[in-house]
Amino acid sequence: MITVLFFGKLAEIAGAKTELPHVASTDELLQQLRTSFPLLAAEKFIVAVDKKTITENTLLTDNCTVALLPPFSGG
Amino acid sequence: MITVLFFGKLAEIAGAKTELPHVASTDELLQQLRTSFPLLAAEKFIVAVDKKTITENTLLTDNCTVALLPPFSGG
Amino acid sequence: MDAATKTNRVMERKPKNIFVQGAIAPAFIADSIAKHSSKTTIGGHNIFLGQVRADLIDEKKVAAIEYTTYEELALEKMHVIRQEIFAKYELTCMHVHHSLGTVAAGEICLFVFTSSAHRRAAIDACNEAVERIKTELPVWGKELFEDASHQWKVNQ
Amino acid sequence: MDAATKTNRVMERKPKNIFVQGAIAPAFIADSIAKHSSKTTIGGHNIFLGQVRADLIDEKKVAAIEYTTYEELALEKMHVIRQEIFAKYELTCMHVHHSLGTVAAGEICLFVFTSSAHRRAAIDACNEAVERIKTELPVWGKELFEDASHQWKVNQ
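Protein chains in written order, with the numbering used here: chain A, 1 to 75; chain B, 76 to 150; chain C, 151 to 306; chain D, 307 to 462.
I should point out that these hints are in silico values taken from the structure, not numbers from a laboratory.
Treat the hints with care, as some may be off.
[As the list claims (entries may be wrong)] Pairs of lysine to aspartate or glutamate, EDC-like flavour, derived with a Cα cap of 16 Å:
hint: 1; chain 1: D; residue 1: K322; chain 2: D; residue 2: E378
hint: 2; chain 1: B; residue 1: K126; chain 2: D; residue 2: E378
hint: 3; chain 1: D; residue 1: K320; chain 2: D; residue 2: E378
hint: 4; chain 1: C; residue 1: K189; chain 2: C; residue 2: E240
hint: 5; chain 1: A; residue 1: K17; chain 2: C; residue 2: E240
hint: 6; chain 1: A; residue 1: K17; chain 2: A; residue 2: D50
hint: 7; chain 1: B; residue 1: K127; chain 2: D; residue 2: E442
hint: 8; chain 1: C; residue 1: K185; chain 2: D; residue 2: E413
hint: 9; chain 1: D; residue 1: K448; chain 2: D; residue 2: D361
hint: 10; chain 1: A; residue 1: K51; chain 2: C; residue 2: E226
hint: 11; chain 1: A; residue 1: K51; chain 2: C; residue 2: E286
Using the sequences plus the hints, can you model the full thing?
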């Protein structure tokens, strides 16, 4: 299982959390998510795998957590 | 009369305040003060006439106030 | 290894919790300042406070901001920021508190507090910490308008 | 001219008193922060606090600093600094408090507090105010040692 966390505005679109059966890579995961939640396509976000932000397609292992992080606006 | 104010370390040397009969200029005044208070010679200070700091010899008028200000150390 | 050293080592490894529920009270800030009176090597403190603005957006007024975070990632990130700032500046201490949940307009949502022997380090470290908190911490502010609608805050 | 405008004009002409007798209490700082919660155009506050250090000088420890000033000149000078800083930065407000008399090691002797809609102005204005206060205000600190001897403080 892969856990996917959504934050900020993205959680309004997709809910705070979802679990998916094994997906090979982040590119594949994002493709699936965009199919399930078409509104995601218009949103800017970065991706973290197990709390490390990534900039390229990344292979996913079982039980990993992927987080979709829209632009930060703390403070 | 000319009022002379001393601050910080200078007040330890010369007292907080003194009054002098008319003196023509700041140079003349400082010469008199150094004679009265020889320890002043070793001290760094700037001079203010009626709350304006001066950098050159300045003519004094009656009833003016001259202040001797050692380096500031507030805060 | 004595108890104090042990405590320090544990603190270094385990990120501190910076999050507080709701607004940061001025009395909390006062307590935090007062606690430093026993640290007599300190010569200067610098404090930054973020306050929620009642911005007017399309004629609707912001009544409050609701903050959420990815807490695990935020605390790890703050831990790295803290270590890098301590490595860079001669600080005596640094404290960071950020609100979660709802903070009304006019209330304090961020409190960054640095102290050092000479002022330059505290001022520069505080400045850098604030910039990094704003750009690097996964925290999101939802601006709640008086009419109960909302929009997601964008940092400048 | 309404009463508020009149008051403002008078305030512009008459320098504010920045001096307080003895240390600045953390509770006073908290009150000062709390008073700004009604100013909901403010997004950031910056505070600098000067604290008296128990420096060791030739094996003697500083127990307190005794501050004196040329008050008339200091208030006029602070008034000019205030006006120049307001002209340069988009500030909502600025408050300055400096101790006179004896302030013990660990206590606060200087409190500079700036507020603005966006943080940059408050941070830069506070920084500039502190530098100018330290170099331009006729204030003198006498470092009182534990053995009752003293020396005159020198600002870095």
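Exercise. For the pair supplied as a hint, K51 of chain A and E286 of chain C, confirm whether the alpha-carbon distance does not exceed 16 Å.
Key: At roughly 13 Å apart (the allowed maximum being 16 Å), E286 of chain C and K51 of chain A satisfy the hint.
Quiz item: Is the straight-line distance between the alpha-carbon of K189 of chain C and that of E240 of chain C 16 Å or less?
Solution: Since the Cα atoms of K189 of chain C and E240 of chain C sit roughly 15 Å apart, the hinted pair holds (cutoff 16 Å).
Quiz item: Between K17 of chain A and E240 of chain C, does the CA-CA distance stay at or below 16 Å?
Solution: Cα-Cα ~42 Å, so violated.
Quiz item: Taking 16 Å as the top limit, are the C-alpha atoms of K322 of chain D and E378 of chain D close enough?
Solution: holds (11 Å)
Quiz item: Would the pair K51 of chain A and E226 of chain C pass a check requiring their Cα atoms to be no farther apart than 16 Å?
Solution: Distance ~9 Å between K51 of chain A and E226 of chain C Cα, so the pair holds.
Exercise. Verify the proposed pairing of K127 of chain B with E442 of chain D, using a straight-line Cα cut of 16 Å.
Key: holds (13 Å)
Quiz item: Is the hinted pair K320 of chain D and E378 of chain D satisfied, with a Cα-Cα distance of at most 16 Å?
Solution: holds (11 Å)
Quiz item: Is the straight-line distance between the alpha-carbon of K448 of chain D and that of D361 of chain D 16 Å or less?
Solution: holds (13 Å)
Quiz item: Is K185 of chain C close enough to E413 of chain D, meaning Cα to Cα at most 16 Å?
Solution: Within the cut-off at roughly 11 Å; holds.
Quiz item: Taken at face value, is the distance from the CA of D50 of chain A to the CA of K17 of chain A at most 16 Å?
Solution: Holds - the C-alpha atoms of D50 of chain A and K17 of chain A are around 14 Å apart, at most 16 Å.
Quiz item: Within a Cα-Cα threshold of 16 Å, do K126 of chain B and E378 of chain D meet the stated pairing?
Solution: It holds: about 8 Å lies between the C-alpha atoms, which stays within 16 Å.
Checked against the numbered hints listed earlier, the structure breaks hint 5 alone; every other hint is satisfied.
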